[in-house]
Amino acid sequence: MTDTQWKVFEVFHQQARGEPHVHVGSIHAPDAEMALILAKEQYSRRQACVNLWVVPAEAILATAYENDDIFERATDKSYRESWGYKTPKTITTSDEATKRRSDEG
Amino acid sequence: MVVAVEKNLGGLSSAEYERRLEKFEARINRGEKIEPADWMPDDYRQQLIRLIHVHANSEICGALPEGRWIPHAPTFKRKLALLAKVQDEVGHGQLLYRAAETLGPSREQMIEDLISGKSKFSNVFHYPAETWADVAIIAWLIDAAAIINQTMMAEGSYGPYARALKRICYEEAFHMKHGYEMCVVLANGTKVQRDMLQDALNRWWTPIMMFHGPSDKESKHTAQLVRWKVKLKTNDEQRQQFLKQFVPKMLDLGMKIPDKSLRYDKASDTWLYDDPDWNEFKKVVNNGGPVSQERVEARRLAHRDGQWVREALAAAAERKPVPMPPTN
Ligand SMILES: [Fe+2]
Ligand SMILES: [Fe+2]
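These protein sequence lines map, in sequence, to chains A and B. So for the first sequence, this note's numbering puts the first residue at 45; every next one is plus one. So for the second sequence, this note's numbering puts the first residue at 609; every next one is plus one.
None of these hints come from the bench; they were simulated from the model. Bear in mind that the values here come from a model prediction, so they are computed numbers and not experimental data.
Mimicking DSS-like on lysine-lysine, the simulated pairs with C-alpha atoms at most 25 angstroms apart in a straight line are:
| hint | chain 1 | residue 1 | chain 2 | residue 2 |
| --- | --- | --- | --- | --- |
| 1 | B | 868 | B | 852 |
| 2 | B | 874 | B | 857 |
| 3 | B | 864 | B | 874 |
| 4 | A | 51 | A | 84 |
| 5 | A | 51 | B | 928 |
| 6 | B | 891 | B | 728 |
| 7 | B | 890 | B | 841 |
| 8 | A | 84 | B | 687 |
| 9 | A | 84 | B | 774 |
| 10 | B | 891 | B | 825 |
| 11 | A | 143 | A | 133 |
| 12 | A | 84 | B | 685 |
To spell it out: a stretch of chain B is covered by chain A in this simulated footprint if at least three of its residues, at any positions, have a beta carbon under 8 angstroms from a beta carbon of chain A; those stretches are:
| hint | region |
| --- | --- |
| 13 | 696–703 |
| 14 | 714–721 |
| 15 | 772–779 |
Backbone N, C-alpha and C fix where the C-beta goes; we use that ideal spot for every residue, glycine too.
Produce the complete structure using the sequences and hints provided.
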């Protein structure tokens, strides 16, 4: 008898052009082409869909949850964020700076 | 993924087991989900496999009584709706087998266990759908009871199951609404239609009362399952929620509840009832119900008849000649 357990493909669903593809689940299929057909039946019966991806589950390399400390922020990473920088709403320059600029000009 | 079935401590020292258990329970208490690669107590894994497997089987077997009515749907719109519902239910079964697979057992094995009668499915699908009104009662009240169970389970602690259930609950909403509409039409129809609806309720009442499982007095698993957020409500709590939500609606439609013990207690705002015969429930879910054998046999034949399709797909994937369907 043929083995019909088959490979697992992860399914990514895009609701509208411009939106990201979102992981919605997985499916068994003998090959990628069939996985697309089955994914369409299983995952796009209701919600709008403009595009589907299927990816062999075995192709995905994931971090391990037990090592999730690698994502912890030990140091101050505010320099990576826009909110890490403060600028005043109105710029007032000092008399000295104004004078220097006109001297140079 | 680690699939090894751990017994008790799973080869860990008891100190290590306690340490992991504490972390596991703390995660659940924080409202975080458990994912397949996480450490989990063997009991948690086994209970989930059992629950999800039975749930998946029930979706598949639930499609059988309704599927048989598709050719006899009274209007084209009803036929479309019923077709869509049956397709959804089979899809739910597939989603759930996938969720169970993340805990160890393979889909093929689980389907095999259903066909061989080794694994169970919901008590309600061991009864026949005798008339069109049964289809209406199933879609309204059994889907309603299932939604109560599934929306609760969707908040549970196991990630893959919770995610599958979110998707499933979204689709169930149409099943129930369509079922309700069918009941409203029958309840407002001719005497023949009204009698048919009442007759269906008379036959389905007890199975529906049993749907959420044995009473809390009898159910041995519930406490631990609640602590680990596999279940968030006990069987009796789910049943009570169902009665509160749906008995008034049934009465509104002029249906008579065929249970003389059922009464509303104002002081406690609960419905009181005499427990159904839980021995009958046990007999039924162990494939001793009126159509248990027929259901399992239908599933076995469907699996056998679909074999050539699966073989053709496998051959096509390997670019081999595709076998023809059998002729008989
Ligand atoms: Fe379903
Ligand atoms: Fe349903």
